[in-house]
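J.: The primary structure of each chain is shown beneath.
Protein chains: 2
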Amino acid sequence: MTPANLAENAIDTGAQHIRDSIRDAIVERRLAPGTKLSENDVGGLFNVSRTVVRAALQALSYEGLVTVEKNRGAFVAYPSVAEAQQIFATRRLIEPGLLREAARHLERRHIKELRALLAEEERLTSERGPSARRAEIKASGDVHLALAAITGNAILQRFMDELIARSSLVIALYGQSVASSCGHAEHHQIIDALENGDVEAACKLMLQHIDHIEADLDLRAKKSGDLKDVLRL
Amino acid sequence: MTPANLAENAIDTGAQHIRDSIRDAIVERRLAPGTKLSENDVGGLFNVSRTVVRAALQALSYEGLVTVEKNRGAFVAYPSVAEAQQIFATRRLIEPGLLREAARHLERRHIKELRALLAEEERLTSERGPSARRAEIKASGDVHLALAAITGNAILQRFMDELIARSSLVIALYGQSVASSCGHAEHHQIIDALENGDVEAACKLMLQHIDHIEADLDLRAKKSGDLKDVLRL
DNA sequence: GTGCCTAATATTGTATACAATTGAAAGTCG
DNA sequence: CGACTTTCAATTGTATACAATATTAGGCAC
Numbered sequence: 001m002t003p004a005n006l007a008e009n010a011i012d013t014g015a016q017h018i019r020d021s022i023r024d025a026i027v028e029r030r031l032a033p034g035t036k037l038s039e040n041d042v043g044g045l046f047n048v049s050r051t052v053v054r055a056a057l058q059a060l061s062y063e064g065l066v067t068v069e070k071n072r073g074a075f076v077a078y079p080s081v082a083e084a085q086q087i088f089a090t091r092r093l094i095e096p097g098l099l100r101e102a103a104r105h106l107e108r109r110h111i112k113e114l115r116a117l118l119a120e121e122e123r124l125t126s127e128r129g130p131s132a133r134r135a136e137i138k139a140s141g142d143v144h145l146a147l148a149a150i151t152g153n154a155i156l157q158r159f160m161d162e163l164i165a166r167s168s169l170v171i172a173l174y175g176q177s178v179a180s181s182c183g184h185a186e187h188h189q190i191i192d193a194l195e196n197g198d199v200e201a202a203c204k205l206m207l208q209h210i211d212h213i214e215a216d217l218d219l220r221a222k223k224s225g226d227l228k229d230v231l232r233l
Numbered sequence: 001m002t003p004a005n006l007a008e009n010a011i012d013t014g015a016q017h018i019r020d021s022i023r024d025a026i027v028e029r030r031l032a033p034g035t036k037l038s039e040n041d042v043g044g045l046f047n048v049s050r051t052v053v054r055a056a057l058q059a060l061s062y063e064g065l066v067t068v069e070k071n072r073g074a075f076v077a078y079p080s081v082a083e084a085q086q087i088f089a090t091r092r093l094i095e096p097g098l099l100r101e102a103a104r105h106l107e108r109r110h111i112k113e114l115r116a117l118l119a120e121e122e123r124l125t126s127e128r129g130p131s132a133r134r135a136e137i138k139a140s141g142d143v144h145l146a147l148a149a150i151t152g153n154a155i156l157q158r159f160m161d162e163l164i165a166r167s168s169l170v171i172a173l174y175g176q177s178v179a180s181s182c183g184h185a186e187h188h189q190i191i192d193a194l195e196n197g198d199v200e201a202a203c204k205l206m207l208q209h210i211d212h213i214e215a216d217l218d219l220r221a222k223k224s225g226d227l228k229d230v231l232r233l
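These protein sequence lines map, in sequence, to chains A and B.
If you read the first sequence in the numbering used here, its first letter stands for residue 1, the second for the next number, and so on.
If you read the second sequence in the numbering used here, its first letter stands for residue 1, the second for the next number, and so on.
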């Protein structure tokens with residue numbers, strides 16, 4: 001059971017599958033922000049009726065990954081600069097506390113899982129190609145989600161699910177460098193501090209880590225860029 | 001525009017209304033936890049088809065106020081003790097940081113709004129009757145939501161929306177005393193500290209406040225113990 | 001050719017119809 | 001009489017049909 005499923009009471013089976021598929025496609029940047037998600041097209045793609053598609057799109061809308069405009073349809077979310085800043089502000093607010101909570105429930109097996117994730121992340125870093133790059137972005141988020149899972153707090157997990165997914169979207173939009181290797185090293189330091197029992201150091205590192213991610217973004221107003229893209233579709 | 005609307009991209013108009021109505025009914029305890037929400041019944045009540053009702057119920061399910069079981073239908077959520085603890089753990093994690101963030105954006109008009117909310121809360125405290133009691137529960141939550149609104153962070157607002165709504169549900173289920181007068185006094189202290197610029201004191205008071213709310217709950221397993229207690233009286 | 005108005009088209013919003021699953025009542029057997 | 005099986009009613013899951021709205025294309029006047 002994925003973290004997402006754990007927290008949500010799936011309303012129906014078909015919609016869940018579509019939701020996850022689209023969600024993955026967005027987070028892994030296969031679907032560009034602003035892309036229109038026509039109910040007919042998506043339905044045809046999955047061989048289901050619009051009814052099911054609508055349920056999936058509504059769920060994604062609630063997660064902030066999709067924007068639904070009345071009588072106009074659903075689009076892959078195009079986070080504004082303000083939204084991006086709010087996402088990271090919220091992460092800075094939550095993740096240190098999350099770390100302290102995770103530390104309270106930390107067991108040896110958790111450390112092993114985290115190490116495994118870091119190793120996978122490292123492996124992807126060394127690989128070339130766009131698909132490895134996408135997997136790397138996802139793996140980077142998975143570390144944060146794994147920390148949330150350690151707390152055993154399903155609500156916190158769901159909040160983090162949303163924040164991480166939306167962060168991926170923001171990075172897709174405004175990210176300059178990959179900056180993943182940097183992020184990877186920081187993940188390592190955080191886990192090290194956690195394993196050594198120095199929770200406060202881990203929190204400090206986490207805040208710096210989030211700062212670095214945000215610093216790598218080009219959040220200057222994209223005036224004409226935004227407008228053109230929006231008008232294009 | 002309510003805080004809820006602000007954060008969510010309403011997928012359609014009819015469902016939004018139904019969602020808000022049911023949501024209010026749950027938060028104000030007019031709908032008891034566990035109550036079945038039949039699509040036909042709800043639809044008949046609002047004179048809309050099941051399609052619209054399903055959309056509303058799905059949204060409520062995402063908020064954690066409604067539980068949807070496959071092929072069985074939707075029910076007003078019946079939070080377990082574990083869920084209740086997670087809700088308050090998450091609030092303890094978020095609300096101090098939220099307070100610090102609110103302090104950064106605090107203006108005179110915000111203080112005035114908060115004072116007005118407190119006054120309203122106080123007025124309701126002095127009133128008698130179940131409807132005043134319901135309004136009081138809601139007003140108490142509104143103070144926390146107003147603090148979230150001050151931050152200007154829509155994501156944080158939505159998280160708090162959900163946490164406050166689910167807290168109301170938990171209080172409805174497990175609350176012993178009214179404890180609202182106590183909560184009201186604490187709200188006053190928090191706002192006072194905030195106005196005086198002593199943010200850290202406000203945070204401390206907030207944590208105590210949440211502790212008090214949780215302490216007023218009877219989170220012991222509700223097996224036969226309750227029954228015996230009731231019968232012994 | 002430009003601007004505006006009108007009509008046609010396509011897409012979403014909602015209602016209804018049908019299929020699938022569940023829960024319970026009725027009937028049967030031990 | 002109790003337990004099991006079977007059938008039936010009711011409710012949800014999904015698909016389709018219809019209505020409302022937005023977008024686009026075409027025509028007309030200027």
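Check before you lean on any hint, since a few could be wrong.
For chains that are exact copies, the list does not tell them apart, and a pair is met inside one copy or across any two.
Taking lysine to any residue pairs in the SDA-like style, the calculated list, with each CA pair at most 20 Å apart, reads [what the hints assert, rightly or not]:
no. : residue 1 : residue 2
1   : 70        : 20
2   : 112       : 195
3   : 204       : 176
4   : 138       : 188
5   : 36        : 119
6   : 70        : 17
7   : 70        : 13
8   : 204       : 100
9   : 138       : 220
10  : 70        : 48
No lab work stands behind these hints, which were simulated from the structure alone.
J.: At most 20 Å between alpha carbons: which applies to residue 36 and residue 119, within, between, both or neither?
T.: neither (36 Å within a copy, 47 Å between copies)
J.: Have a look at residue 138 and residue 188 and pick one of within, between, both or neither, based on CA distance no larger than 20 Å.
T.: within (16 Å within a copy, 45 Å between copies)
J.: Within, between, both or neither: how does the pair residue 204, residue 100 come out at a Cα-Cα threshold of 20 Å?
T.: both (11 Å within a copy, 17 Å between copies)
J.: Could you figure out if residue 70 and residue 13 sit no more than 20 Å apart (CA to CA) within one copy, between two copies, both or neither?
T.: For residue 70 and residue 13, only the inter-copy Cα distance (8 Å) is at most 20 Å; the intra-copy one is 26 Å.
J.: Cα distance capped at 20 Å. Does residue 204 pair with residue 176 within a copy, between copies, both, or neither?
T.: Result: close neither inside a copy nor across copies, 24 Å intra and 40 Å inter.
J.: At 20 Å max between alpha carbons, let me know whether residue 70 reaches residue 20 within a copy, between copies, both or neither.
T.: Between copies, since 18 Å is at most 20 Å while 23 Å is not.
J.: First find the shortest C-alpha distance between residue 138 and residue 220 inside one copy, then the shortest across copies, and answer within, between, both or neither for a cut-off of 20 Å.
T.: For residue 138 and residue 220, the Cα distance exceeds 20 Å both inside one copy (25 Å) and across copies (40 Å).
J.: Since the copies are identical, ignore which copy is meant and state whether residue 70 and residue 17 lie within 20 Å (CA to CA) inside a copy, between copies, both or neither.
T.: Answer is between: at 15 Å across copies they meet the 20 Å cutoff, but 24 Å inside does not.
J.: Indicate which option fits the pair residue 112, residue 195 if close means a Cα-Cα distance not exceeding 20 Å: within, between, both or neither.
T.: within (10 Å within a copy, 47 Å between copies)
J.: With identical chains treated as interchangeable, where does the CA-CA distance between residue 70 and residue 48 reach 20 Å or less: within a copy, between copies, both, or neither?
T.: Classified as between; 18 Å across copies, 22 Å inside a copy.
Of the numbered hints given earlier, the model fails hints 3, 5 and 9; all others are met.
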